[in-house]
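Residue-level listing of the chains:
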Amino acid sequence: MIFRILHWAFRLFIAGVFLYSGYIKYHDPLQFAVALNGYQLIPEQFLLPIAHYFPWLEMLLGAGVLVGWKIRWFAGGATALLLFFSLLLTVTYLRGIDANCGCFSFDDPISPLTILRDGAIVIPAIYLLLEGGIRKRFSRK
Amino acid sequence: MLDHSKRAIFLLLFFLLFSLAGISATQMEPAGYILGGSLNAPIRIEVFSNFECTHCREYYLRTIKKILKEYCDQDKVCIIYHDFPFKNHLYDRKTATYAEAAARIGRATLLKVFDALYTNQATWSEDGNIEKVLKAALSENEFEKLMENAKDPAIATLIDKQYDLAVENKLESTPTTFIFDRGEQKSKTSGTIIYLVLKSFIEEHLNNK
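Protein chains in written order, with my numbering: chain A, 1 to 141; chain B, 1001 to 1209.
Don't read these hints as lab results, they were simulated from the structure.
None of these values were measured; they are calculated from a predicted model.
From the three backbone atoms N, C-alpha and C, an ideal C-beta is built for every residue, glycine too.
Incorrect hints may have been included.
Claimed, not checked - Ranges of calculated distance between the beta carbons of each label pair, as one might list FRET restraints:
hint	chain 1	residue 1	chain 2	residue 2	range
1	B	Arg1182	A	Trp73	34 to 44 angstroms
2	B	Leu1061	A	Trp69	18 to 28 angstroms
3	A	Leu87	B	Lys1151	36 to 46 angstroms
4	A	Ala120	B	Phe1143	29 to 39 angstroms
5	B	Glu1172	A	Trp69	53 to 63 angstroms
6	A	Pro43	B	Ser1173	39 to 49 angstroms
7	A	Ala120	B	Asn1088	28 to 38 angstroms
8	B	Glu1172	A	Glu44	18 to 28 angstroms
9	B	Leu1039	A	Gln45	42 to 52 angstroms
10	A	Gly119	B	Glu1172	24 to 34 angstroms
11	B	Lys1069	A	Asp98	26 to 36 angstroms
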């Protein structure tokens, strides 16, 4: 029962996070391109194309987790993306760059709190990825 | 299997509704001053800024000037600037007054005033001698006219009107750029948009007739 509750809570959470995050970027690609430029990593000519297509990837991952078909694949993608974001935020913060996270809104300067928040979101994604193994392990005990 | 299809259809409808809700058709009042192009241009860019903000300086000198040259002369893009003076900036209202006064003389004078104020921002924002910078940039006749126009109390009302427009649109920072494609709002962007990104965005919309 507890696994079922955890499964649905994490699944809805991750799906919601990715659908929402993708949607706000899809809705204003130019603002997202400005946020991406703030990281001082991406060549200028790639900013707008990334701003156009990346939100679709996020929404696809969110929809995949929500629908539940091949959920491990989608949860794996979500985990990889979240780990990448956490690393990117940490590196940008350590470089002393005053950038906007652009994660869930465009008025969200990178701080230890944003790094911690994005890092915490990885936990439910990892759970969904490794769920089968975790269940087996606990049911043996 | 059927269950999955139903879910997929539900999701599709959900996104469709969301996307439609996101399309806004807000239109700014044509207050402010036109820097380039005409109101008949297919793309309209409206910028809320002030002369003391360093990001606005960078935006005007590195992005807007290039767009003016490349698109406004052919009337593909119309650029409108709105004053959004900040209360904590000492010279925002004074510089905005000069810009409004210059707009009454003509676009060429207005552009000279923009160039002079942004290029020499570090100087006048330090010593407050805005007139010295403008005198060096304008002809004697233009400078005299500018000073005469700047005395008009109606200018203060115009600046207030634009400030109210910014507040009405819930703006908190400068520069903020609104982009309209054939009257329909396509973007509201806070911060400096680099030239290549803005150019690509304009091209996308010009090609998407």
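Each hint, compared with the structure:
no., hint, verdict
1, Arg1182(B) <-> Trp73(A): 34 to 44 angstroms, "holds (42 angstroms)"
2, Leu1061(B) <-> Trp69(A): 18 to 28 angstroms, "violated (52 angstroms)"
3, Leu87(A) <-> Lys1151(B): 36 to 46 angstroms, "violated (58 angstroms)"
4, Ala120(A) <-> Phe1143(B): 29 to 39 angstroms, "violated (60 angstroms)"
5, Glu1172(B) <-> Trp69(A): 53 to 63 angstroms, "violated (42 angstroms)"
6, Pro43(A) <-> Ser1173(B): 39 to 49 angstroms, "violated (26 angstroms)"
7, Ala120(A) <-> Asn1088(B): 28 to 38 angstroms, "holds (36 angstroms)"
8, Glu1172(B) <-> Glu44(A): 18 to 28 angstroms, "holds (26 angstroms)"
9, Leu1039(B) <-> Gln45(A): 42 to 52 angstroms, "violated (31 angstroms)"
10, Gly119(A) <-> Glu1172(B): 24 to 34 angstroms, "holds (28 angstroms)"
11, Lys1069(B) <-> Asp98(A): 26 to 36 angstroms, "holds (30 angstroms)"
The structure is inconsistent with the numbered hints 2, 3, 4, 5, 6 and 9, although it conforms to all the rest.
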